[in-house]
Structures are given as C-alpha cells and as structure tokens.
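Colleague: For the record, the sequence lines run as chains A and B. The numbering used here applies: residue 119 is where the first sequence begins, and numbers increase by one. The numbering used here applies: residue 119 is where the second sequence begins, and numbers increase by one.
Hints may contain errors.
No distinction is drawn between identical chains; accordingly, a pair holds when it is met within one copy or between any pair of copies.
Said to hold, decoys possible - With a straight-line cut-off of 20 Å between C-alpha atoms, the simulated SDA-like cross-links for lysine to any residue are:
{"#": "1", "residue 1": "Lys387", "residue 2": "Phe406"}
{"#": "2", "residue 1": "Lys293", "residue 2": "Ala152"}
{"#": "3", "residue 1": "Lys293", "residue 2": "Ile622"}
{"#": "4", "residue 1": "Lys293", "residue 2": "Asp303"}
{"#": "5", "residue 1": "Lys532", "residue 2": "Ala513"}
{"#": "6", "residue 1": "Lys293", "residue 2": "Pro257"}
{"#": "7", "residue 1": "Lys532", "residue 2": "Ala255"}
{"#": "8", "residue 1": "Lys387", "residue 2": "Val184"}
{"#": "9", "residue 1": "Lys293", "residue 2": "Glu148"}
{"#": "10", "residue 1": "Lys151", "residue 2": "Ala239"}
{"#": "11", "residue 1": "Lys293", "residue 2": "Asn617"}
Everything labelled a hint here was simulated from the structure, so no lab data went into it. Since the model is a prediction, treat every value here as computed from it, not as a measurement.
Protein chains: 2
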Amino acid sequence: MVDLFAAHARLLESAVAAARGRGFWAAFPENPKAYPEGGAAEAKAAFAALRGHPLELATGDDAPLVGAEVSPFGAALGVTYRARTVDDLIARAEKAGAGWAAASIAQRTGIALEILGRLNAASFLIAEAVEHTTGQAGPMAFQAGGPHAQDRGLEAVAYAYEEMSRVPGAVLWEKPQGRSAIRLDKDFHVVPRGIGLVIGCATFPTWNSYPALFADLVTGNAVIVKPHPAAILPLALTLRIAREVLSEEGFDPDVVQLAPDTPEAPIAKELATHPAVGIVDFTGSSEFGGWLRENAKDRLVFTEEAGVNTIVVASTAAFGPMCQNIAFSLSLYSGQMCTAPQVIFVPAGGIETEAGHKSFEEVATGIAAAIDALLSEPARAAAVLGAIQNPATLARIDQARSLGRIVRDSAALKVEGARTATPLLLAVDAADEAAYLEERFGPIAFVVAVADAADGVARATRAAREKGAITAALYSTDEAEIARAVPAYARAGVPLSVNLTGGIYVNQSAAFSDYHVSGANPAGNACLTDAAFVAGRFRVVCVRRPAAA
Amino acid sequence: MVDLFAAHARLLESAVAAARGRGFWAAFPENPKAYPEGGAAEAKAAFAALRGHPLELATGDDAPLVGAEVSPFGAALGVTYRARTVDDLIARAEKAGAGWAAASIAQRTGIALEILGRLNAASFLIAEAVEHTTGQAGPMAFQAGGPHAQDRGLEAVAYAYEEMSRVPGAVLWEKPQGRSAIRLDKDFHVVPRGIGLVIGCATFPTWNSYPALFADLVTGNAVIVKPHPAAILPLALTLRIAREVLSEEGFDPDVVQLAPDTPEAPIAKELATHPAVGIVDFTGSSEFGGWLRENAKDRLVFTEEAGVNTIVVASTAAFGPMCQNIAFSLSLYSGQMCTAPQVIFVPAGGIETEAGHKSFEEVATGIAAAIDALLSEPARAAAVLGAIQNPATLARIDQARSLGRIVRDSAALKVEGARTATPLLLAVDAADEAAYLEERFGPIAFVVAVADAADGVARATRAAREKGAITAALYSTDEAEIARAVPAYARAGVPLSVNLTGGIYVNQSAAFSDYHVSGANPAGNACLTDAAFVAGRFRVVCVRRPAAA
Numbered sequence: 119m120v121d122l123f124a125a126h127a128r129l130l131e132s133a134v135a136a137a138r139g140r141g142f143w144a145a146f147p148e149n150p151k152a153y154p155e156g157g158a159a160e161a162k163a164a165f166a167a168l169r170g171h172p173l174e175l176a177t178g179d180d181a182p183l184v185g186a187e188v189s190p191f192g193a194a195l196g197v198t199y200r201a202r203t204v205d206d207l208i209a210r211a212e213k214a215g216a217g218w219a220a221a222s223i224a225q226r227t228g229i230a231l232e233i234l235g236r237l238n239a240a241s242f243l244i245a246e247a248v249e250h251t252t253g254q255a256g257p258m259a260f261q262a263g264g265p266h267a268q269d270r271g272l273e274a275v276a277y278a279y280e281e282m283s284r285v286p287g288a289v290l291w292e293k294p295q296g297r298s299a300i301r302l303d304k305d306f307h308v309v310p311r312g313i314g315l316v317i318g319c320a321t322f323p324t325w326n327s328y329p330a331l332f333a334d335l336v337t338g339n340a341v342i343v344k345p346h347p348a349a350i351l352p353l354a355l356t357l358r359i360a361r362e363v364l365s366e367e368g369f370d371p372d373v374v375q376l377a378p379d380t381p382e383a384p385i386a387k388e389l390a391t392h393p394a395v396g397i398v399d400f401t402g403s404s405e406f407g408g409w410l411r412e413n414a415k416d417r418l419v420f421t422e423e424a425g426v427n428t429i430v431v432a433s434t435a436a437f438g439p440m441c442q443n444i445a446f447s448l449s450l451y452s453g454q455m456c457t458a459p460q461v462i463f464v465p466a467g468g469i470e471t472e473a474g475h476k477s478f479e480e481v482a483t484g485i486a487a488a489i490d491a492l493l494s495e496p497a498r499a500a501a502v503l504g505a506i507q508n509p510a511t512l513a514r515i516d517q518a519r520s521l522g523r524i525v526r527d528s529a530a531l532k533v534e535g536a537r538t539a540t541p542l543l544l545a546v547d548a549a550d551e552a553a554y555l556e557e558r559f560g561p562i563a564f565v566v567a568v569a570d571a572a573d574g575v576a577r578a579t580r581a582a583r584e585k586g587a588i589t590a591a592l593y594s595t596d597e598a599e600i601a602r603a604v605p606a607y608a609r610a611g612v613p614l615s616v617n618l619t620g621g622i623y624v625n626q627s628a629a630f631s632d633y634h635v636s637g638a639n640p641a642g643n644a645c646l647t648d649a650a651f652v653a654g655r656f657r658v659v660c661v662r663r664p665a666a667a
Numbered sequence: 119m120v121d122l123f124a125a126h127a128r129l130l131e132s133a134v135a136a137a138r139g140r141g142f143w144a145a146f147p148e149n150p151k152a153y154p155e156g157g158a159a160e161a162k163a164a165f166a167a168l169r170g171h172p173l174e175l176a177t178g179d180d181a182p183l184v185g186a187e188v189s190p191f192g193a194a195l196g197v198t199y200r201a202r203t204v205d206d207l208i209a210r211a212e213k214a215g216a217g218w219a220a221a222s223i224a225q226r227t228g229i230a231l232e233i234l235g236r237l238n239a240a241s242f243l244i245a246e247a248v249e250h251t252t253g254q255a256g257p258m259a260f261q262a263g264g265p266h267a268q269d270r271g272l273e274a275v276a277y278a279y280e281e282m283s284r285v286p287g288a289v290l291w292e293k294p295q296g297r298s299a300i301r302l303d304k305d306f307h308v309v310p311r312g313i314g315l316v317i318g319c320a321t322f323p324t325w326n327s328y329p330a331l332f333a334d335l336v337t338g339n340a341v342i343v344k345p346h347p348a349a350i351l352p353l354a355l356t357l358r359i360a361r362e363v364l365s366e367e368g369f370d371p372d373v374v375q376l377a378p379d380t381p382e383a384p385i386a387k388e389l390a391t392h393p394a395v396g397i398v399d400f401t402g403s404s405e406f407g408g409w410l411r412e413n414a415k416d417r418l419v420f421t422e423e424a425g426v427n428t429i430v431v432a433s434t435a436a437f438g439p440m441c442q443n444i445a446f447s448l449s450l451y452s453g454q455m456c457t458a459p460q461v462i463f464v465p466a467g468g469i470e471t472e473a474g475h476k477s478f479e480e481v482a483t484g485i486a487a488a489i490d491a492l493l494s495e496p497a498r499a500a501a502v503l504g505a506i507q508n509p510a511t512l513a514r515i516d517q518a519r520s521l522g523r524i525v526r527d528s529a530a531l532k533v534e535g536a537r538t539a540t541p542l543l544l545a546v547d548a549a550d551e552a553a554y555l556e557e558r559f560g561p562i563a564f565v566v567a568v569a570d571a572a573d574g575v576a577r578a579t580r581a582a583r584e585k586g587a588i589t590a591a592l593y594s595t596d597e598a599e600i601a602r603a604v605p606a607y608a609r610a611g612v613p614l615s616v617n618l619t620g621g622i623y624v625n626q627s628a629a630f631s632d633y634h635v636s637g638a639n640p641a642g643n644a645c646l647t648d649a650a651f652v653a654g655r656f657r658v659v660c661v662r663r664p665a666a667a
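Using the sequences and the hints, build the whole thing.
Modeller: Encoded structure:
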C-alpha cells in the first residue's frame with residue numbers, strides 16, 4: 119500500500135508554509151487549461167449520464183431516495199440520493215469513527231490529501247454539478263467549486279495538521295527533586311471531539327464546506343455532510359471520492375456520510391442537537407445560524423451567516439476604473455456571493471476625482487453605466503452573472519424596487535430557460551436604514567448619500583458591528599483618511615479593501631492569504647482559516663506512568 | 119522606559135519551548151528557600167497590616183465596600199473592596215480596552231511577563247491570602263497559589279503569544295496573471311474578541327484564574343475578574359500588581375478590574391450576559407457552568423466544572439507504596455482539589471500483589487491504614503490536610519456517612535479555631551451508583567467492589583464520559599491490561615496516571631506538561647493550556663490595497 123502521507127508530504131509542507139506566510143499560493147491551478155485536454159467534454163458527458171438516476175454511495179443501500187434539484191439554467195437534474203435516518207447516520211458514524219480516531223495523524227492527513235488530489239482531478243465534473251445547482255456560470259463554477267474550494271480544504275488540513283503536530287507524541291518528564299528526580303513517561307493522545315456535522319449552502323456547496331469537512335476529518339472526527347436540498351450533487355460527488363479513498367485505505371467509508379433531506383422533512387436540527395455530535399459547521403442564513411448558536415450549545419459551532427457589505431467612496435484618482443471595479447463586484451454571480459457589496463456610501467456633496475468634482479448623482483450613474491457596459495455583450499453578461507439560484511431572489515428584487523429611487527433597473531437576460539437578473543441599483547438617503555441595512559441577498563445594491571467620508575466610514579463600521587459584514591471597501595486618495603479608517607474597520611472585525619481597481623475585487627477571498635469572515639462581527643463566528651477554526655476539533659489526553667529507571 | 123518585551127524575551131522563549139516540548143519545566147521555583155530570606159516573615163506582617171481595612175485598587179474610588187472573607191483557620195479577614203456596578207465596570211473596561219487593543223503584541227506580552235515577575239516576588243504575601251481564604255495549608259498555598267499559578271499564567275502567555283505570532287504583520291500578495299501579476303499589500307491586524315470575564319473559585323483562586331486572565335490580556339482584551347466572595351483577596355492583590363504595571367507603562371489600569379460581589383447580590387450572571395463581554399472563563403460548580411453554557415451563548419465560554427475522579431486497582435507490585443500514594447491523594451487539601459480521586463474500584467475477589475493475594479477488604483483497610491499513618495503526626499496532618507474551605511463540606515461529610523459501610527471515619531484535627539476533617543472512606547457495591555457517582559466534594563471517598571479489573575475500567579471510563587472526570591488512575595502489573603485500558607480512557611477524555619508511587623500523585627497537574635482538564639468530557643470544556651484555549655480570544659482582520667508598482 120502506498121504511504122499517502124509520504125506521497126503528499128511536499129504538498130503538505132508547501133501548504134503549511136503558505137498558511138503561515140499568507141502571501142499568494144495555490145496548490146490547485148485555477149486555469150482550466152492547466153488540466154488535461156478533453157476533460158471538460160468528458161465531464162459534460164459524465165454529468166449527462168448522472169442525470170435521471172440514483173447516485174449510489176454504498177452498495178445495497180435501500181434507504182428511501184430523495185432529491186429534487188433543478189438547474190437555475192433550466193432542467194431538473196433528476197438525480198436522487200439515499201436518505202438515511204438520523205439514528206442510522208449517527209450509529210454508522212460512531213462505528214466508523216472508532217477506527218478513524220485510532221488512525222495516526224499521518225494516516226488521516228495522507229488520506230485527506232489524497233482525497234483533495236482526486237477531487238482536483240474531478241474538477242470539471244464537480245464544476246458541472248456546481249453550475250447546475252448554484253447557477254454559477256461555468257468559469258466560476260470551475261474555479262470556485264473546484265480548485266479554489268480544494269485550496270480552502272487544503273488550507274484547513276495544513277492548519278489542523280500543524281496544530282496537532284505541536285502536541286508531542288511522547289515525552290520523558292523529569293523533575294529534579296533534591297539529589298534525585300521524579301521521572302514520568304508521558305504519552306499524549308490526540309482524540310477527536312465527536313461527530314462533525316457539516317451543513318452546506320446552496321450557493322457555494324463545496325467552497326464553504328470543504329474547510330470544515332477536511333478539518334474534521336484530519337482531526338479524527340467522523341463527518342456527516344448535510345447538503346442544502348438545492349445543491350446536493352456537488353457534495354455527493356465529493357463524498358463518493360472520499361469514500362473510495364477511505365475504503366481503499368482499509369477504513370469504513372462511513373467515516374464520511376451524505377445526509378440529504380428535503381424541505382418538507384428537514385433533519386439539520388435533529389442532527390445538530392444529537393448528543394453524539396460534537397461539532398457543527400454551517401453556512402447559510404442568520405436565522406438558522408442563530409438557531410444553531412442558541413440550541414447546539416455544548417458543541418463547537420462554526421457559522422458563516424449573512425451581513426451587509428459596504429463600500430465607502432470618499433475620493434478617487436481613477437474614477438472610471440473604480441466604477442468598473444464596483445460594477446463587476448455587484449454583477450459577479452448576480453450579487454449572490456456572501457462577499458458581494460450591498461451598500462455604497464457616497465457623500466451627498468459628491469467626491470473629488472482625477473477628472474474633477476463628481477456629484478453624488480454622477481457617481482451613482484457612473485457605477486450604473488459601468489454595469490451596463492460590463493453586461494452589454496450577452497455572452498459576457500451570462501458568464502459574469504450566471505443564474506439566480508433561488509426563485510425567492512427574483513421576488514426580492516421585485517419588492518426592492520420600491521425601496522428607493524431606481525438608478526439602474528434589474529432585468530432578465532435573454533437566456534432560454536435560465537433564471538437571470540442584472541443588478542438593481544437604488545439611490546437612498548442615509549436615514550433610510552430600514553431599506554439598505556437589511557441583508558437583501560442577490561443583485562440588489564444601494565447608493566447611499568452620507569454627509570461626508572467620515573460619516574460613511576462611521577456608518578459602514580457600525581453596520582458591520584451591528585449587522586455583520588464579510589467584506590468592506592474604501593476608495594480614498596487621502597492617506598490620513600485611510601489611516602483613520604483602518605482601526606475602525608479592524609474594530610468592526612471586517613476585512614477592508616482599499617482602492618481596488620483592475621483585476622482584483624472586494625468579493626474575492628484567496629485561500630492561504632485572506633481570512634474569510636473574521637468571526638468578529640455578526641456575519642459569522644468562524645474564520646477560514648485560522649487556528650481557532652481547527653484547534654478545538656481535537657483534544658489531548660495524557661497517559662503518564664513512572665519511567666523505567 | 120524599559121522595553122519589557124526585550125527584558126523578558128528569554129523567559130518567553132523558554133516558556134514557548136517548554137509549552138511545545140511539554141517535558142518538565144518551571145519558570146518560578148516552587149521551593150520557598152529559593153526566595154529571599156525573611157520574605158515569609160515580611161509577608162506575614164504585610165498580611166496582618168491588610169486585615170481590617172479596605173483594599174483600595176484605585177485612588178478616590180467611592181463605590182460601596184463589600185467583603186466578608188473568613189479564614190477557614192479561624193478569624194474574619196476584615197478586608198473590604200470597592201464594588202462597582204456592572205455598567206460602571208463595563209464602561210471602564212471599554213474605555214481602557216480601546217488603548218489596550220491598540221498596543222502591540224510585544225507591548226502586551228512584555229507587560230504580562232512583567233506582571234508575572236512581580237507576582238512571583240509577591241508569592242509569600244499571595245500565599246498568606248490564599249491560605250486564609252481557601253484553607254490550603256501554608257506550603258500548598260505558597261506553591262499552588264504562587265509559583266505554580268504563575269507558571270500556569272506564563273504557559274497561557276506562551277500559547278497566546280505563539281498563536282498571535284503566527285499571523286504575519288504585513289505581506290505582499292503577488293498573484294501571477296498572464297505575463298504580469300496582481301500585487302496587493304496586506305496588513306493583518308490582531309483584534310481582541312471583547313471584554314474578558316474571569317470568574318474565580320474559592321479553592322484555587324489564582325491557579326485557576328491566571329491562565330484566563332493572562333490569555334485575555336495578551337490577546338488584547340480588557341479583563342474583569344469576578345472573584346468568589348470567599349476568596350477575593352488573592353485576586354485583589356494580583357490585580358493591584360497588574361494595575362501598577364499597566365499604569366507605569368502608560369495604560370489605563372482599568373484594563374484589569376476587580377468585580378467583587380456578595381452571595382446576597384451576585385453579579386456574575388449579569389456580567390456574563392452583558393453584550394460587551396466576549397469571553398467568559400469559569401471555574402466552579404457544574405450547576406453554574408451549565409448555566410453559563412446555556413446562557414452566555416455567542417461568547418467564548420471556557421469552563422472547569424466538576425467530575426468524579428476514579429482509581430482502578432487491578433493489581434500491584436508495590437502494595438504498601440500504592441496505598442500510601444492513594445492515601446496522600448485522598449488527604450491532600452482534604453480532598454478539595456478538582457483532581458482528587460473519589461472512587462476506588464477494586465475487584466470484589468481481591469487483587470494480586472507482590473506479597474500475594476489481597477482481599478477487597480485488605481485493599482480497603484490498607485488504604486485506610488495508610489491514611490491513618492500519614493495523618494498520625496498532628497503537624498504533618500495539618501500540613502497535608504489544611505482546612506475545610508466551606509462549612510457545607512462538613513455537612514456533606516456527615517450526610518455521606520450513611521452512604522456505605524465506613525472503612526475509615528472522618529474526624530476533625532485538634533487545631534484551635536480551624537475547620538478540619540480527615541478523609542471519610544466508605545465501602546460500597548458497584549451497583550450503588552447513586553452513592554459514589556455523584557460528585558461529593560471534600561474528603562469523601564468510596565472503595566467500590568467490582569467484578570474484575572475490566573469491569574472497573576469500564577465503569578471508570580463510563581463515569582468519566584457521563585459525569586466528567588479530571589483525573590483517573592490505574593494500578594496494574596499486566597501490560598496487556600494497561601494497553602487495553604489506555605484507549606478507553608483516551609476516548610473518555612480523561613488523563614490517566616498508571617502505577618504512581620512515591621513522590622508523584624494523581625492530583626498533581628504540572629504547567630507546561632500536563633493538559634489540565636481535557637475539555638473532552640463533562641468536567642469542563644476548557645483545557646489548561648492548549649491552542650484552543652487561546653486561539654479564539656483574538657481575531658484577525660486584513661486590510662489590503664494595491665501595492666505600489
């Protein structure tokens with residue numbers, strides 16, 4: 119049998135170094151051209167073959183079949199999955215978990231790295247699954263659903279491995295006592311916390327689940343993955359690969375289990391409060407996140423919930439590129455990223471730019487015009503916007519039209535069968551907090567007139583503290599103003615992007631460098647990935663006895 | 119001004135290395151003879167001078183005075199303390215906390231190390247305070263209340279410093295993009311979680327509070343210390359020193375505040391649920407620990423609660439030394455340590471020893487006789503037992519007498535004015551779980567007849583899983599039996615001591631080596647000290663912007 123830890127040792131070493139350095143690094147190339155030719159076409163065929171059939175993760179499983187995924191681009195997927203009862207899932211996790219807990223850290227780490235490698239090889243197929251469940255356009259589904267998600271998973275492996283490695287396996291404890299010494303042999307055992315429950319979301323089923331899945335696995339916990347009913351397939355394919363590797367390495371594949379459910383009979387609450395579950399990771403609504411934080415106590419609970427992301431436009435030396443940058447951030451995946459901005463604070467009296475003074479109205483229409491330009495080509499528009507994952511988002515756009523003065527209206531793309539919408543941009547006054555300070559998920563954004571830049575920063579950071587925020591941006595040519603703003607954003611626990619133009623956007627969060635969600639405001643208590651994300655997933659138990667003389 | 123970080127850099131380096139190696143290491147000598155001559159006498163005088171007066175931590179404070187500590191060795195202390203309102207405490211913590219959060223990691227760490235050094239120099243005085251609040255005998259009050267507590271605090275500083283140090287201050291992120299690159303300057307800000315609340319206990323006010331106090335401080339959180347009403351003075355003296363150092367270094371001394379209360383008007387619940395409090399550390403009853411875990415949600419909550427510690431006597435090659443070792447563990451500080459054993463499982467059919475077979479009865483009476491021998495000298499008895507901290511413990515001993523057959527009765531020592539009790543040892547059957555599987559805090563222990571060694575291990579590990587346990591011990595000459603037992607104890611999350619005889623006891627938990635409380639069973643969710651104890655006390659916020667070309 120191949121020693122998987124040795125086989126992947128260099129990858130792990132690089133990942134640990136990258137996680138520590140937090141400069142740019144990626145293990146898995148984001149460019150599809152870096153992958154074998156023909157992979158995309160093969161994946162399309164493989165995806166077509168999956169449609170309309172049960173996806174079996176275990177032989178002889180006769181649990182009832184569930185699954186009603188419908189592509190935001192049109193057709194129902196027709197894939198179904200075995201839905202086991204909570205008791206069955208837990209019993210299998212406990213049984214499989216005993217052997218997994220007894221595996222060495224190196225064994226578990228090697229297996230996790232092997233799974234990541236095979237997931238990478240399956241990136242095109244997983245991208246198809248992500249595209250046709252989330253509505254992400256193809257290029258994003260590949261990058262975010264494939265290599266970027268795998269990098270986030272690898273990052274969690276690196277952190278967890280490093281934290282566990284800091285616990286010595288065995289030491290001689292020798293305490294001087296007068297002329298002699300007391301000598302004890304001590305063995306330190308890394309033990310898992312309990313079953314890990316990972317609750318996936320509908321928009322980034324792999325990117326947001328892999329960190330928890332891999333952190334739990336490497337630290338010795340059996341894992342139950344409860345996907346969103348609208349995005350089961352990407353995680354089912356993920357677990358099919360994980361179970362294959364586990365089986366090949368002699369472990370019970372039920373170390374990882376899929377727990378699909380239906381909107382009519384949800385099981386997340388029952389799972390999250392089962393006494394055998396020790397860790398819950400959740401990405402999704404503040405409502406359910408809040409329920410978990412209230413009810414899943416005595417467990418480690420990691421959440422990424424919702425927030426109101428803001429931009430403050432104070433001044434700029436690149437008005438056009440700024441508007442283009444903001445336009446792209448608002449448009450990308452139709453504003454369905456947890457990192458997408460929703461509020462753009464602009465001084466009511468306008469701003470200074472390299473091309474002279476621009477009024478509030480000129481800033482608002484400048485952003486609107488940049489959105490129009492970005493989406494003027496139908497093919498590019500489709501590639502940027504993707505589709506709307508949830509029909510409720512279209513209804514939300516309709517309702518939002520009355521919340522302010524429409525600067526740019528939302529419209530559907532002319533794409534047959536797909537559910538699409540371009541960004542809605544509204545102008546409101548700073549006092550209209552009821553309009554713009556609620557999270558309005560989807561392509562809905564507000565240009566908000568504030569007294570001045572300082573007022574904008576004060577409102578942006580207060581919103582982050584009170585409503586939560588995952589990203590924030592600031593445009594300013596005044597270094598003193600930036601320096602004053604930085605500590606306010608830091609106190610509000612929201613990462614800040616300053617003066618972004620060109621090919622980098624506030625929405626983007628890079629594995630191994632950006633700490634995604636700070637855990638320091640209501641947008642979530644978890645951070646991808648820091649030591650706190652992994653350190654509590656295992657515990658240390660010491661066995662000590664007198665050392666032989 | 120002295121650079122405190124530089125001044126203490128070698129100490130920190132050694133502590134970090136020790137925390138990683140987890141062999142024997144101590145920064146602060148436990149032997150009183152290692153301290154300046156006359157220190158003990160001076161401390162007695164200083165302590166006498168404190169009695170009967172208010173202890174002022176701030177000038178001009180006119181908050182009402184509280185405090186009714188009574189020495190378990192006799193007299194009331196007569197020391198009083200300013201009791202501020204919760205709102206006042208929080209407002210001051212927020213004000214002082216802003217400046218503290220803005221201090222550099224090195225500044226905060228240097229100050230924490232300086233405080234620890236001065237606490238060490240004050241060990242004799244703090245020992246007086248510990249002795250006359252907890253009832254610990256003088257030698258233990260010095261060691262556990264002084265250098266051992268300081269080592270635990272230093273350990274937390276080392277862990278917190280190391281975790282924070284892993285976050286780079288600033289990096290250049292350079293992502294290759296075609297022929298050019300996207301370049302971002304990223305600054306990573308370590309930000310505190312929120313105000314830290316440390317709730318002290320009556321038996322080890324410094325040892326159990328210092329890890330949280332120092333972990334909170336170093337990670338940038340202002341700290342409110344709410345001592346047990348029966349043991350305020352040790353923490354008041356601690357904070358007096360901490361506030362002195364903070365002031366000298368130009369910080370608002372309210373970075374650390376004392377929040378004394380009374381049994382009639384307790385404030386812990388109000389403090390723990392105040393929105394500004396981000397971290398709660400608690401040592402004490404399972405009842406209040408459970409309340410905190412239920413109600414202080416959305417905060418980091420670290421608890422050390424209660425459990426039932428067990429010993430399994432399967433066989434031994436050193437019957438006398440084993441009995442002596444157990445006798446000492448039962449007697450030390452009158453069984454009032456969270457690490458003291460309560461249950462001794464012995465096969466009903468007896469055990470094999472180097473001196474042949476010993477019946478169940480012979481094992482029980484062997485331990486009883488060893489207790490008698492240990493406590494036969496009045497001076498030694500007083501030095502081992504100390505006094506009973508809480509009158510309720512005496513009542514508990516009375517009630518316990520009817521729970522089984524008395525093998526050895528508890529009795530008071532003949533010490534004028536002191537509240538004392540020697541260990542009560544009862545024999546019961548394994549079925550009498552209601553008797554021996556409830557925590558009965560104090561010098562109360564049960565010898566429990568089990569079917570055989572395996573039955574004992576099964577019961578001991580089940581008790582740990584279900585009731586919680588902080589320590590466990592096993593005596594066995596059968597290596598295969600030990601090897602089978604180890605994974606069961608590891609799964610139960612309880613550290614195991616095997617075949618201890620001589621000068622090392624199951625009660626002892628050494629800083630930098632033993633992980634005190636695993637966090638993996640109901641005895642507590644915290645561990646002193648692992649990465650999980652410190653990593654969530656701070657968060658990381660990134661500020662990124664395009665790098666200059």
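Colleague: The structure should be examined with respect to each hint, and the outcome stated for every one.
Modeller: Results for each hint:
1. Lys387 to Phe406: For Lys387 and Phe406, only the intra-copy Cα distance (9 Å) is at most 20 Å; the inter-copy one is 26 Å.
2. Lys293 to Ala152: Only across copies: Lys293 and Ala152 sit 16 Å apart there, 57 Å inside one copy, limit 20 Å.
3. Lys293 to Ile622: between (56 Å within a copy, 10 Å between copies)
4. Lys293 to Asp303: Classified as within; 12 Å inside a copy, 48 Å across copies.
5. Lys532 to Ala513: within (18 Å within a copy, 82 Å between copies)
6. Lys293 to Pro257: Intra 61 Å, inter 18 Å, cutoff 20 Å: inter-copy only.
7. Lys532 to Ala255: within (15 Å within a copy, 84 Å between copies)
8. Lys387 to Val184: Intra 18 Å, inter 46 Å, cutoff 20 Å: intra-copy only.
9. Lys293 to Glu148: between (54 Å within a copy, 12 Å between copies)
10. Lys151 to Ala239: within (13 Å within a copy, 66 Å between copies)
11. Lys293 to Asn617: Between copies, since 17 Å is at most 20 Å while 58 Å is not.
In this structure, none of the earlier numbered hints is contradicted; all agree with it.
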